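Visitor: Residue numbers (the working numbering), protein chains in the order written: chain S, 217 to 663; chain W, 217 to 663.
Honestly, the hints are just simulated from the structure, not real lab data. There are no misleading hints in this set.
When chains are identical, the list treats them as one kind, so a pair holds in a single copy or across two.
With a Cα cut of at most 25 Å, we get these calculated SDA-like pairs of lysine to any residue:
| id | residue 1 | residue 2 |
| --- | --- | --- |
| 1 | Lys277 | Glu382 |
| 2 | Lys639 | Val588 |
| 3 | Lys378 | Leu552 |
| 4 | Lys322 | Asp347 |
| 5 | Lys648 | Gly590 |
| 6 | Lys639 | Arg553 |
| 7 | Lys511 | Gly591 |
| 8 | Lys322 | Asp350 |
| 9 | Lys379 | Lys402 |
| 10 | Lys570 | Ala374 |
| 11 | Lys277 | Lys449 |
| 12 | Lys284 | Lys407 |
| 13 | Lys511 | Gly478 |
| 14 | Lys322 | Arg290 |
Since this is a predicted model, take the numbers as computed values, not measurements.
Number of protein chains: 2
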Amino acid sequence: MHQISIDISKATGFVDPEVYSKIKAEVVASHEQLTKGSGRGNDFLGWLKLPSLVTEDLTRKIKADAAKMKASSRWVVVIGIGGSYLGARAVVDALSHPFHSMMDQKEFPGLVYAGENLSEDYHAGLLEVLDKSDYSVIVISKSGTTTEPAVAFRLLKAHLEKKYGETDAASRIYVVTDAAHGALKKMADEKKYSSYVIPDDVGGRYSVLTPVGLLPIAAAGFDIDALIKGAKKMEKVCQSGSADENPAMVYAAIRNALYLSGKTTEIMVNFQPDLFYFTEWWKQLFGESEGKENKGIYPSGVGFTTDLHSMGQYIQEGLRMLFETTLSVNSPRTELRVPFVDGDPDGLNFLAGKRLSEINKMAEMGTLLAHVDGGVPNIRIGVPQINEEIIGQLIYFFEFACALSGYTLGVNPFDQPGVEAYKKNMFALLGKPGFEKEGESLRKRLE
Amino acid sequence: MHQISIDISKATGFVDPEVYSKIKAEVVASHEQLTKGSGRGNDFLGWLKLPSLVTEDLTRKIKADAAKMKASSRWVVVIGIGGSYLGARAVVDALSHPFHSMMDQKEFPGLVYAGENLSEDYHAGLLEVLDKSDYSVIVISKSGTTTEPAVAFRLLKAHLEKKYGETDAASRIYVVTDAAHGALKKMADEKKYSSYVIPDDVGGRYSVLTPVGLLPIAAAGFDIDALIKGAKKMEKVCQSGSADENPAMVYAAIRNALYLSGKTTEIMVNFQPDLFYFTEWWKQLFGESEGKENKGIYPSGVGFTTDLHSMGQYIQEGLRMLFETTLSVNSPRTELRVPFVDGDPDGLNFLAGKRLSEINKMAEMGTLLAHVDGGVPNIRIGVPQINEEIIGQLIYFFEFACALSGYTLGVNPFDQPGVEAYKKNMFALLGKPGFEKEGESLRKRLE
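Take the sequences, apply the hints, and build the full model.
Guide: Okay, structure coming up:
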């Protein structure tokens, strides 16, 4: 059991067999489009072969920079937004000690994030912490001009230079950006920052296996070779097999069939709080790939058993447009058992001696059946354990399945035309030169 | 501007005027039901008058216990799940330093949470941290037998007794539970724990203004008098006024009208990461109150501008069953401005000297208009600033609006029958005495 698996036996009963057959045939066609590069957005297929094309030169440089950060820094600030931080954060949070920021001594620097929001309190608070600790900065932005990370980089660069002087500051800045163009590339060349390339043919949400993800993951002390190894394995698995065997095709087909049956919201379920950001990464991947042309499955996430006591009621008995996809993890990394208590005051001595993971697993199975009985189809992704290799598999599996799923839905899974709308308005309202007229008309609408 | 406000001018255009008038009349009827106590679930209306009925005896005892925890503890572990922790966490996270767990020195203990999940790694990691720090425990559970908090309390009580001895451990345990019955009440009496009552007529998701919320909030160093004062103000505001003035009636009416127009998913939007748990609290309040009888608005949450780079594409252009409710906060607590950079490498010098909060506010306004243009109605909750008093207002406002909204939808907003289904299955699968037969049949279904 060193490979992820998929079980759709609790979902197929909710779809029309004819529709499902038709969809499976379409997924086969999507697979051909994708692997032949003949579909929409085919100038953004660089991620397809990333696992097998990562060079040792690249990973060597990443590991050397990670070692430098380890030697010099208590914290590494990762500046990026959307696809420029969610992948790294998903992997690092899944693998880290759940209370790492509360621990005194650490072998590796802790990662903190900036430029993924515009909160003044958040960034002021971060600078306050950094006043008292040694740190490095990884700044990740293709253009170097995206507002949130660019503002954060202005703040952090000034802070670093004040704290360490310009030369030492430069040795603490690592840049991941466009190969040839863009603001960050120019600065990196001038100031001699250690810099990395985001390939032109890899979009943000598919970029975790480039330096965008690999550099922060290595800086946090995790094994990027194993991550790539896992992804490579899944790259191979996803190449072939029928629509009933290839796990990415199975996932793409069943979720499109469910969508056509009126199940328009997919809830990604985990039973491990450290998978929260993996779900966030998945939400971007699928939401941004499919949510266009007034269609697409709405991606949502819950962490159980926590949210069984908040969203559980709705999922069990609310509007029936939901289906669930469960990340079903098998082995915890630690061992903790329920203590026996004399007199059994809470009536739980029948659990004494059991591991928490066993109770958690029975909660998972009990929930699965309860929700299916309530009319919520379930897709179960079997996850043997949480380590770098398995996460590498999961990343590639979901990326590949997402591309197939988007083609099957009939959209371009590699663009995001809707993300520009708010930016244009924001620039106009902020008085960016050239946007004066738009600004005026927007202000009128807000009066 | 010391009071929250509501602006529905960007939502009314999406609903049929006749439907909206009808709904407003129904909300007026719901208001009468609620205030007269004649509606469904009227044995759970204790929360209605909580703000004006909190006694000084109670707050004095809470403050004395908070002072004891401050003197003796680096951390306070709050054990609870669902309504027994989300309210406290919502308030404490909103008011805390955004990086409080990374700061060395603190005036007040930091809050950490246990028993809100069953993860073995999570609880083992927590015990590891607690091995090295002084701490106290607040355990919150009406019955004392809910699996997650009961398991966590077994672990923490054993850990405390080993660390401090039985007597000293008892002085570090604070219990919030049922007045007369239940496992925790019995233990508290026997061991002389400091204990507090959860009123019988207040359900979990409406309990933040009882000791369930007040004790942890006070332990974290926040002003519970101001919180209650704010809630009391809103208690008065919500009593009267027409369906076009009373903010709770306005919110209840427009969201029900949107629901009838096919807007079946409500996204709670914030632009401040520290409001994440406030959104989680809101999701439980509304999801658990309305999601039943195969109806109800699906509650979802996003944090912008972060999620504009993940969920933004879907919200702008995906399936049109969405509406947004924005928590529009006006004043940050700190001041931070964008630095000027020579040569303007990233083209952002037009922002130099501006506060981050100003850019964030323009992002909010730009997003609002972009999403409305994309077919997503917007409800804007004006929040003058984030402090105890305003949060108290928000809590009561949403609780009152939720009750009105549930009555208008035609459900009992105070029960949660669907939460039991997974528990029964879990007990059966765990071999709880008396559940043998069910266990057998469930295991067969899982084969």
